[in-house]
Amino acid sequence: MLYRTAGQFKTSYRADQALFPIKQDAFLLGIILICAWVVFPLTASEFTFQTILTPILIYSLAALGLNILTGFAGQLSLGTGAFMGVGAYACYKMITLMPWMNPVIAILLSGVFSAFVGVMFGIPSLRIKGFYLAIATLAAQFFLVWLFEKWAWLYNYNASGAIQVPNLDMFGIYVSGPQASSMTQYYLVLFIVSLLTYLCINLTRGNLGRTWKATRDMDIAAELIGINLMKSKLTAFAVSSYIVGVSGALFVFMWRGAAEPNLFDIPLSFRVLFIAIIGGLGSIMGNYLGAILIVGLPVVLNTVPSALGFHVESALLEHLNIMIVGSLIIFFLIIEPHGLNQLWRLIREKLIIWPFPH
Amino acid sequence: MKDLYEPYVTDDGRTIGGCLMEMKNITLKFGGVVAIKDISFDIREGEIRAIIGPNGAGKSSMLNVISGFYTPSEGEVWYKGSVRPMMKPYEVARQGVGRTFQNIALFEGMSVLDNVMTGRLTHMKASLWEQAIWWGKAEREEVHNREQVEKIIDFLEIQAIRKTPVGRLPYGLKKRVELARALAAEPSLLLLDEPMAGMNVEEKEDMSRFILDVNDEFGTTIALIEHDMGVVMDLSDRVVVMDYGKKIGDGTPDEVRGNQDVIDAYLGVPHA
Numbered sequence: 001m002l003y004r005t006a007g008q009f010k011t012s013y014r015a016d017q018a019l020f021p022i023k024q025d026a027f028l029l030g031i032i033l034i035c036a037w038v039v040f041p042l043t044a045s046e047f048t049f050q051t052i053l054t055p056i057l058i059y060s061l062a063a064l065g066l067n068i069l070t071g072f073a074g075q076l077s078l079g080t081g082a083f084m085g086v087g088a089y090a091c092y093k094m095i096t097l098m099p100w101m102n103p104v105i106a107i108l109l110s111g112v113f114s115a116f117v118g119v120m121f122g123i124p125s126l127r128i129k130g131f132y133l134a135i136a137t138l139a140a141q142f143f144l145v146w147l148f149e150k151w152a153w154l155y156n157y158n159a160s161g162a163i164q165v166p167n168l169d170m171f172g173i174y175v176s177g178p179q180a181s182s183m184t185q186y187y188l189v190l191f192i193v194s195l196l197t198y199l200c201i202n203l204t205r206g207n208l209g210r211t212w213k214a215t216r217d218m219d220i221a222a223e224l225i226g227i228n229l230m231k232s233k234l235t236a237f238a239v240s241s242y243i244v245g246v247s248g249a250l251f252v253f254m255w256r257g258a259a260e261p262n263l264f265d266i267p268l269s270f271r272v273l274f275i276a277i278i279g280g281l282g283s284i285m286g287n288y289l290g291a292i293l294i295v296g297l298p299v300v301l302n303t304v305p306s307a308l309g310f311h312v313e314s315a316l317l318e319h320l321n322i323m324i325v326g327s328l329i330i331f332f333l334i335i336e337p338h339g340l341n342q343l344w345r346l347i348r349e350k351l352i353i354w355p356f357p358h
Numbered sequence: 001m002k003d004l005y006e007p008y009v010t011d012d013g014r015t016i017g018g019c020l021m022e023m024k025n026i027t028l029k030f031g032g033v034v035a036i037k038d039i040s041f042d043i044r045e046g047e048i049r050a051i052i053g054p055n056g057a058g059k060s061s062m063l064n065v066i067s068g069f070y071t072p073s074e075g076e077v078w079y080k081g082s083v084r085p086m087m088k089p090y091e092v093a094r095q096g097v098g099r100t101f102q103n104i105a106l107f108e109g110m111s112v113l114d115n116v117m118t119g120r121l122t123h124m125k126a127s128l129w130e131q132a133i134w135w136g137k138a139e140r141e142e143v144h145n146r147e148q149v150e151k152i153i154d155f156l157e158i159q160a161i162r163k164t165p166v167g168r169l170p171y172g173l174k175k176r177v178e179l180a181r182a183l184a185a186e187p188s189l190l191l192l193d194e195p196m197a198g199m200n201v202e203e204k205e206d207m208s209r210f211i212l213d214v215n216d217e218f219g220t221t222i223a224l225i226e227h228d229m230g231v232v233m234d235l236s237d238r239v240v241v242m243d244y245g246k247k248i249g250d251g252t253p254d255e256v257r258g259n260q261d262v263i264d265a266y267l268g269v270p271h272a
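From first to last, the protein sequence lines are chains B and H.
In terms of the numbering used here, the first sequence has 48 at position 48, counting the first letter as 1, and numbering is strictly consecutive.
In terms of the numbering used here, the second sequence has 211 at position 211, counting the first letter as 1, and numbering is strictly consecutive.
A hint or two may mislead.
Cross-link-like lysine to any residue pairs, in silico, SDA-like; alpha carbons within 25 Å at most [unchecked claim]:
#1 Lys10/B - Lys151/H
#2 Lys129/B - Phe69/H
#3 Lys231/B - Arg94/H
Since the hints were made in silico from the structure, they are not lab data.
Fair warning: this is a prediction, and the values are worked out from it, not measured in the lab.
Could you put the whole structure together from the sequences, leaning on the hints where they help?
Here's what the structure looks like:
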């Protein structure tokens, strides 16, 4: 009943193609945005910012980038972690070479570098598909992490081999480095993530989005109706790697504060891939749901027992945590193999017609 | 008639114009297998041209040559008065050759509307930036193309399913959506690969009506492959008959029906 669409008539194609043809969707998003922009920052503690809010946003963005490539354009990639690394290192080099640069501009520009690298490693996709392409992107993963380790110029010949985020300020406020407050960083991340998500929604619902989906669903038919597959695949690689690169820069500059090459190793790629798959391939909102489950749930599980007054040994807690999260992932995938987003879509469909069965 | 290309008016009042496409001595080989052997024929503007023949005659290969999916080993394809150079299939499509497929090749993950909208992608010009920002050019273009697509949706009577995911549709409707997607591109030449395969009589009647209407209202030239002889003979203006990669007949349905080679190919020859 809350989601009843009766009475919402469309009188133009423009209205029918609006971002939210159903009023309730816009209302729901409004609530979420108010929570994200006002309620959470007012109520959250330092701990919540650092362990839940900021990482969920950053991982969502990374998964969004991967989802453009894998979910929308159908090109499987296992190199997400390395592309995040390219963004992070590019941002680090820009900031250290040009300290006067605005950090937000630097972060947004660092995606350009990863987009370029992404397109380079996307070229094999013109010949190979599916698992074989995944192996090719895996090569990118290993090669780039190796490069981060061996190419000392990238980390300014630091003795530790790691990159350390300097204190950076924007209009007199520290936005990264040890002196920046978590809330400032959260707002910055939120701004960039919201902006890129909005642009991605537009891209995926427009002509380019249909081109990608056509490439994913049936590439031969796509080519025979006039789609240039090379262009379609390479734009997907470029857009995807751009977003992934920006998320990598945020990952280091707005959250971790420092990074070693092995941070961008294959576990990170898998983590982002899991978020995209559990959230739902080919969806935008799914990335957020997936990130909440994969990033947020372990934190909640860690804090609940002590909040309830139980004393559990930390080692035991760690193991329990892995087991619970693991079984939840399996549970959700059995319930809905197309991910959490599909689960929400079904619920929404039912809500629209409720209380009638169809 | 073949050399003159004088426009003429058919019995049912359609005008058949000059030569739109001409296949000149096409041969197609896959290694040692010769799928098409030295075939020449033409397609005139505004006509419905059928390619028939027993299984394995090379009809689908012929259609794939026309749509640029196969490059002929020998011979030339003339289109709109000039030789077609080596081209990628998508470039051929952008020149105005649309097609449907024998086994339905729709984009299963998208709605009917999105599938048909995909057909119009060659008419959309907004850049990546304009699409990302959406306001302005991208939105205007989207609305304009939606209007065109809705005309085709009306025409093919699929209004009720426009928001349905294609995967949920029955076979006959999928065939119709595929036709809609091909039509959305506003092709000059429409290739239909077995548009009625696997349909019941009623669906065949519907599809025949749509093919005739498309030809009549939009003036689209149509080349089709079909196994149902009744349908072929009723629909088409001229028929090419193929057997074992060779052309064995070419002409109006009546001429082809009386051709001894064609009768032999379909009914067999007694071994005396």
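Agreement of Lys231/B and Arg94/H with the hint, judged by alpha carbon distance not exceeding 25 Å: With Cα atoms ~15 Å apart, Lys231/B and Arg94/H stay inside 25 Å; holds.
Pair hint Lys10/B and Lys151/H, alpha-carbon separation not exceeding 25 Å: The given pair, whose Cα atoms are some 17 Å apart, holds under the 25 Å limit.
Pairwise hint evaluation, Phe69/H against Lys129/B, where the allowed Cα distance is 25 Å at most: Distance of about 19 Å is within 25 Å: holds.
The structure agrees with every numbered hint stated previously.
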